[in-house]
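Protein chains in written order, with the working numbering: chain H, 65 to 177; chain E, 17 to 131.
Each statement offered as a hint is correct.
A few chain H residues that face chain E, going by a derived Cβ cut-off under 7 Å, partial list only:
1. Gln-106
2. Gly-107
3. Leu-108
4. Asp-164
5. Phe-167
6. Ala-169
Over the 10 Å line for every Cβ pair with chain E, so calculated as not near, a few chain H residues:
7. Glu-84
8. Gly-126
9. Glu-130
10. Val-145
Okay, the calculated beta carbon distance ranges per label pair:
11. Gln-33(E) - Gln-135(H): 46 to 56 Å
12. Ala-81(H) - Thr-23(E): 33 to 43 Å
13. Gly-74(E) - Ile-75(H): 21 to 31 Å
14. Gln-70(E) - Leu-120(H): 34 to 44 Å
15. Asp-118(H) - Asp-118(E): 18 to 28 Å
16. His-146(H) - Thr-23(E): 26 to 36 Å
17. Gln-33(E) - Ser-116(H): 38 to 48 Å
18. Pro-77(E) - His-74(H): 26 to 36 Å
19. Gly-92(H) - Gln-70(E): 17 to 27 Å
Source of the hints: derived by calculation from the structure; they are not laboratory data. For glycine and all other residues, C-beta sits at the position ideal for the given N, C-alpha and C.
Given next are the chains, with one letter for each unit.
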Amino acid sequence: AQSVTQPDIHITVSEGASLELRCNYSYGATPYLFWYVQSPGQGLQLLLKYFSGDTLVQGIKGFEAEFKRSQSSFNLRKPSVHWSDAAEYFCAVGARGNNDMRFGAGTRLTVKP
Amino acid sequence: KAGVTQTPRYLIKTRGQQVTLSCSPISGHRSVSWYQQTPGQGLQFLFEYFSETQRNKGNFPGRFSGRQFSNSRSEMNVSTLELGDSALYLCASSLVGMGPTDTQYFGPGTRLTVL
Numbered sequence: 065a066q067s068v069t070q071p072d073i074h075i076t077v078s079e080g081a082s083l084e085l086r087c088n089y090s091y092g093a094t095p096y097l098f099w100y101v102q103s104p105g106q107g108l109q110l111l112l113k114y115f116s117g118d119t120l121v122q123g124i125k126g127f128e129a130e131f132k133r134s135q136s137s138f139n140l141r142k143p144s145v146h147w148s149d150a151a152e153y154f155c156a157v158g159a160r161g162n163n164d165m166r167f168g169a170g171t172r173l174t175v176k177p
Numbered sequence: 017k018a019g020v021t022q023t024p025r026y027l028i029k030t031r032g033q034q035v036t037l038s039c040s041p042i043s044g045h046r047s048v049s050w051y052q053q054t055p056g057q058g059l060q061f062l063f064e065y066f067s068e069t070q071r072n073k074g075n076f077p078g079r080f081s082g083r084q085f086s087n088s089r090s091e092m093n094v095s096t097l098e099l100g101d102s103a104l105y106l107c108a109s110s111l112v113g114m115g116p117t118d119t120q121y122f123g124p125g126t127r128l129t130v131l
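If we strip away everything but chain H, and leave its shape as in the complex, we get (with noise of 0.2 Å):
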């Protein structure tokens, strides 16, 4: 089955400061991997979301994510932090056929003014 490991629990970084949230995959097939956000009270919004092809996956808000196959590894990237940008992010992956997405525990991220 597939899991996901988001390592960092909490990130704080300044406005405006590059970010670089880590997330690591298990899965036996290709997977199909995603990165959400949630602003509290709300649902998740679906920021980017990797198949197949390029590895280098733009996404909204000026994030960007690399898939590492070698390294099992998705990590998200914004070059510069806005402070709209505070919020929860998810990493999840996907299997061929269902709706059972696994979700990493989450990252909760602090932007510092």
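With chain H fixed as given, assemble chain E onto it according to the hints.
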């Protein structure tokens, strides 16, 4: 296009009661999935419905059940509530729900508190 809506947004129940949560998917979406989110267990898949049939189920006890109507709206029911059922219940809809290539859109969730 309106997003996924969930009602009610907040619920307070006592142990032993039962509860029904509702989810209206995005227009045209036929698959509805339910997730439970708790601080301890994180986000966990409950089940998925498509064309009024449960197509996929996570590892939850039988107290958790659901159904889907012909208009794709879905309800989730939890019977004999336990304190541990306190959670944010998220609903997600997608066109046909055949896996990750069909993007899931999440609603804002229903916050259930069991006292």
